[in-house]
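In terms of full-length UniProt numbering, the sequence shown has 205 at position 205, counting the first letter as 1, and numbering is strictly consecutive.
Hints listed in this document are in silico derivations from the structure and should not be mistaken for laboratory results.
There may be inaccurate statements among the hints.
[Stated by the list, open to error] Keeping only pairs whose Cα atoms sit at most 30 Å apart, straight-line, the calculated DSBU-like set for lysine-lysine is:
#1 Lys337 <-> Lys324
#2 Lys98 <-> Lys87
#3 Lys314 <-> Lys34
#4 Lys324 <-> Lys87
#5 Lys15 <-> Lys190
#6 Lys205 <-> Lys15
#7 Lys190 <-> Lys315
#8 Lys98 <-> Lys6
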Amino acid sequence: MQGKMKVCVLTGKRKLEWAEREIPQPGPGELQIKLEYVGICGSDLHFYQEGRLANWELDGPLALGHEPGGVVSAVGEGVEGFKVGDKVAIEPAVPCGKCEDCRQGHYNLCKDVKMLAIPRERDGVFSDYCVHDASMCYKLPDSVDTMEGGLLEPLCVGLHATELSNAKIGETAIILGSGCIGLCTLMSLKARGVSEVYVADVLDKRLEKAKELGATRVFNSTRESIEEFARTLPGGGADQVYECAGNRVTTLQTCRLIRRAGKVTLVGVSPEPVLELDIATLNAMEGTIYSVYRYRNLYPKAIKAVESGAIPLKKIVSHVFDFKDCIEAMEESLNKKDEVIKGVIKF
């Protein structure tokens, strides 16, 4: 496809603008993709609200959006296994494939990775078309649509968190934060056979969604103490605790919620880089802390889990916005967090 396309670009804090750009053409090894759905992620909202996320700072215009599903519209030279019209999910970070981390299979830790919607790496995909390395595109089976294709991105974060911490059948788990990542972690735990999962948040709408997805019990932290409840569990805490809110309060709580030899997994991304942990309690429990950086080698597994029905991925979506309303969609996702659990842009 040639011609012009619309792109929604972040130009500063709380400043989104429409731009017109040339439709990008696929180079060797690349696919051109007509986007159909792109999820709105918490990190998009952090960039929009704060102009920064963890250690990245906005340093010029940046298109947001990194949870894409779409259809192949052109195939670059040398690409095999794809044709025009194929439905695909896009894994947004393209590693170099040559460094030591990549060669050891930890490609999510590649220092030369090019991730969508990250300053100085790549523009995001709040746009009609994009090009992407074919090696990081995955064909979707007939029964998985491109909305689910886009949602595989946050699902893989939840899957990666539960694989790193090796959550097992018969264990108990507590999830702090019931936004998209918390819900993806919940679905991943359920799919791994962990049936006793407790979820805490401060927004009732999100907790209702966690209940619908199979949480054993939910806690609104403005009214009930998850710490008091955790002490009533066998062993005085949970086997697994997942921090999925990315904030100071929940991060500090994590170590106080595990039983002896329990595991804490830090999944959420905080806009501020330095947070506190209760190290004395962690030591007394001889707890283990896992940190999560995106995911690796999980898209094929995630696609199978959605295809088989083991993970009802679409259920996390609360709002679908048209691309022409992209700026309003970002505002609404930011200002109505009690209503918008997961927003998706439809093209």
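Task: Unsatisfied constraints (hint numbers, rising) - done: 5 and 8
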